[in-house]
Amino acid sequence: MHPALQGLITIIIGVGGCVGYFWLSNLVLDKVLFPPRGPNAGRNINRANMIRPWLFLFPALAALGLYLAYPVFETLRLSMIERDGVEEHWVWFANYARMAAEPKFIEALRNNFLWLLVVPAASTAFGLLAAQLTDRLRWGNLAKSLIFMPMAISFVGAAVIWKLVYDYRPIDQEQIGVLNAIVVALGGEPQTWLQIPFWNNFFLMVVLIWIQTGFAMVILSAALRGIPEETVEAAIVDGANPFQIFFKIKVPQIRGTIVVVWTTITLVVLKIFDIVFAMTNGQWGTQVLANYMFDKLFRANDWGVGSASAMVIMVLVTPILVWNVVNARREMK
Amino acid sequence: MFPKPIQSAPAPARIAYKAALPVALVLWLLPLIAVALTSVRSAGDITAGNYWGWPTDFHLWENYTAIFENTPIGKYIWNSFRVTIPTVIGAVALSCMTGFALAVYRFRANLLVFFMFVAGNFVPFQILMVPVRDLTLQMGLYNSVTGLALFHIAFQTGFCTLFMRNFIRAMPFELIEAARVEGVSEFRIFWYVVLPLMRPAIAALAVLIFTFIWNDYFWALVLTQGADSQPITAGLYSLNGQWVAAWHLVSAGSIVAALPPVLMFFLMQRHFIAGLTLGAVK
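These protein sequences, in sequence, are chains X and F.
Heads up, the first sequence is in my numbering, so the first residue is 1 and it goes up one at a time.
Heads up, the second sequence is in my numbering, so the first residue is 1001 and it goes up one at a time.
So here's chain F without its partners, still in its complex pose:
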C-alpha cells in the first residue's frame, strides 16, 4: 500500500515498526493484564507487597471461589441475566414490528413517527430519571427485576426500531409487493417474507443490546437496591466499596462481571461489529 513497502525499509526501521505495534498493544491492555494478574495472587502476596513479581503461588481457584462464597456476586450475576435476557427479547420483538410498519407502510404520519424515534434516540437518559423512578414506584415495581427490564425494553425500543427500519428499507421491496399481489395477508408477509430475511439484523441487535443492558449501571442504581434485584454492575461497585484493601478479590470480581459480555463479543464478533456499523452509519 505504501509507496515504499515497509519490507524494503532499512532493517532497524523495519524491526522498530514491527516491535512498536505489539508494545503499544501491550500498553493498551496493561490495565486488563494487571487486573488479571492481581486476580490470581494470594492475599499473602498482596500484604507482602508482591504486586509485580511473579505470584508466589496461583490462587486462581481460591480467589474465584472465594468471591462466590463470601459475597452475593452469584446473585448479582443471576439478576443481570434476569434483566438482560427479557430485555433483549422484548426490545427485539417490539422493534421488528415497529420497524416493519415504518419501513413498509406509507401513511401520512409515517415520517413524523420516524422523526420522533430519531429524536427519542438522542434524549439523555438523565432527564428521565425522576419521573421514571416515580412511575416505577407507583406501579409497585421499584426494586424489582421486572421494573428494570420493563424500562429497558421501552427505552431500547427507540434505537432498535431505527435499526430495524433502516435494515428493512434496504431489502428489495419487490418481495413484499410480489407477496401482496399473490394475496398473502399482511401478517403472513411479515412472518414468512420479512422476518426470515431479518435474521442477521436480529442477531446483530441482540448482541448489541445484550452488552448495553449488561453494562448498564445508571438505571440499576436508580431503580433497584440490594442484592435481591441489583445487577452485577451495581454489585461490583458495592463490592469494590466493601473490600478496598482486597484487590485480589476486587480484580476477580471485575473479571467475572466482564466475562459474559466479553465472551459474547468474542463469540459473536461478526454480529457485534455489523450491529455497531449499521447502527452508527445509517
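Okay, chain X solo, but in the shape it has when bound:
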C-alpha cells in the first residue's frame, strides 16, 4: 500500500504543519517580537494581543482570498471582456446583451424560476409532513432514517438512479423503468418522460425534492420537538382539532426554522447543475442557468457569455446573501 502510506504522510505533514505553524507563530509573537518583559512589558502584551487573532485567521484568509475572493472579481472581469486569441479588450456589457438574445438563456432563466417556485416549497412541505407524521411513531426514527437516506447519495448517483425510474422501452417490450412499468400495469402507454416538453422539468425537480425532503424533515422535526408542550395542551383543552393544532399552533412557532430551511434549499436550487447535466444535459427544454454556463464555457468555449451567466447566478443569490448578513448582524446586537 505505497499510495496509502503516501497519503498518510501527507496528512501528517498537513496537520502537523497546521499545528506547528500555530504553535511556532504564537511562540515567536510572545517570546521574540513582543516579550512581556522589560520597560515596555504592558505595551508589548497589548501589541501581541492585537496581532494574535490574525495569526489564527491568516491561513484561512489566504486560502479564501486565493480561491474565493479573487475568482469572483476575475469572473466579473471576464464577463466584460472579449478574447481575440491572446488579445483581450473590454466590451463591457456586450456579452450580457449577446446572452440575453439567446433563446436557450431565456429558457434557462424560465426553468430556474420554475425550480425556485416548486422545489423549496415542495421539499419543505413534504419535510414538514414527514416530520409531523413520524413524530410520535414507534418506528418513527427508522422511518426518518430511510426518508433521509437519499440525502447521503450524490446528485449524480441520484440522477443515475432516477434515469432507471424514467427509462423508456418501446411499447412492445417489457418496461425496465419503474414509472413506465407502473403506468403499463395500470393500463397506460409508456412515455419518454424526459422528453415531454415543459413537464420534463418537473420530472427533474422530483429528483431534487426526493433528496432535499430528508434535509427539511430533519431540521423541522428538531424544531417541532422544541415546541413547548403547554401550547399544544392548551389548544387541546380549548377543543382545537388536529389540523388547527398543526397549522395554527405548531407551524407559527417554527416559522423561523421553516424560513431557514426554505432559503437553504433555495440556494441549492439556484446552483442546481448535476441533476440536469446527468439526466438531460439541458435538452428538450430543460436547460438551467448553471448547466447553460457549463455548456458555454466547456463546449462552446465562449468565455464571455459563460462568465456573464455565472454573474447572473451571483446576482440571483445576492438578495439571500444580504438578507443573511443583515440577520447575522441583528443577532449580534
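Hints were generated in silico from the structure; no laboratory data involved.
It cannot be assumed that every hint is accurate.
Unchecked claim - Here are some, though not all, of the chain X residues that point toward chain F, as calculated from beta-carbon distances under 7 Å:
(1) 18
(2) 178
(3) 218
Stated by the list, open to error - Calculated lysine to any residue pairs in the SDA-like style (CA-CA distance at most 25 Å, straight line):
(4) 1018/F - 225/X
(5) 250/X - 1018/F
(6) 31/X - 1181/F
(7) 271/X - 1133/F
(8) 271/X - 1115/F
(9) 271/X - 1069/F
(10) 1018/F - 136/X
(11) 1018/F - 31/X
(12) 1018/F - 139/X
Built from N, CA and C at the ideal position, the CB exists for glycine as well.
Chain X is fixed; fit chain F onto it per the hints.
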C-alpha cells in the same frame, strides 16, 4: 397528542392510517429498491425482459465483482478517498483555528471578517469555475487529486469557520477567562481548554464535510479528467455513458458509489443530524 387519539378511531381508519405510512415509505424508496433489485439480476434476466419478476438467480457476487474487474471503479473510489479524507482533515483543522479567533478575540475587524465569511458562504460555486481552473492549471495541479483537495479545503473553510465560531461562542466564556487569569498562554488555551470541548462539533463537521466532498461532482468535472484522478461521482457518470444497456452493472456501480456516505450516515447519524441542525439554524 391528538384530541382523539388514533387508537380510539374506528377500526378501518386505524388500519388505513397504519398502512398508509409504510406504503408511502416504500413508494419513497422505490427508486432505491429498484436499483438494488436490478443490481443483483443476471444479464440474461435483463435481456429477457425480466425486470420486475423475481430474479431467476442472484448475481450479487458476479455483478459486483464484474464492475471492479472490468472498469476502473476501484480506482475512482480510491481517488474519492484521496480527495475526501485530506479535505475533511484540512478544512476542520483550519476552521478550528479561525473559528477560535473569531469567537474569542475582540478586535476591530472581527465583525468585518465574520461577515465576509458569512457572505463567502453564499457565493455560488459556478462563479469561481473559470478562475479556479486557470489557477489550478497555472499551479500545475490540474488533473491531480492534490489540486482538487486544495480547492475543496479552501472552499469548505468558509462554512466550517462559521460553524466552529458559532459553536465556540456558545461555550461558557469563563473557562477561557479563568485560564487567562492563571497565566496560561493563548496557544495552550486553544489546545487544552477549547479544543477538547469542540469534539462534538468536530465530529459533526467531519461527517458533514465527508458527504459533501464525496458527493461533489461539479469540481471533479472542472478540475480533473480520466480515471487517474477523477473521484467516483465523475466515474459513475462516465460508466453510465459506457453501459447504457447494462443496467445491472450501472445499478451495482451506483450502489457501490453511494455506499461510503450512506454507511457513514447510518453509523454517525447522531453527528450528521447534529451537524445539519447546527449548520442550518445558527
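Tell me, which hint numbers fail for this structure?
Hints 9 and 11 not satisfied by this model.
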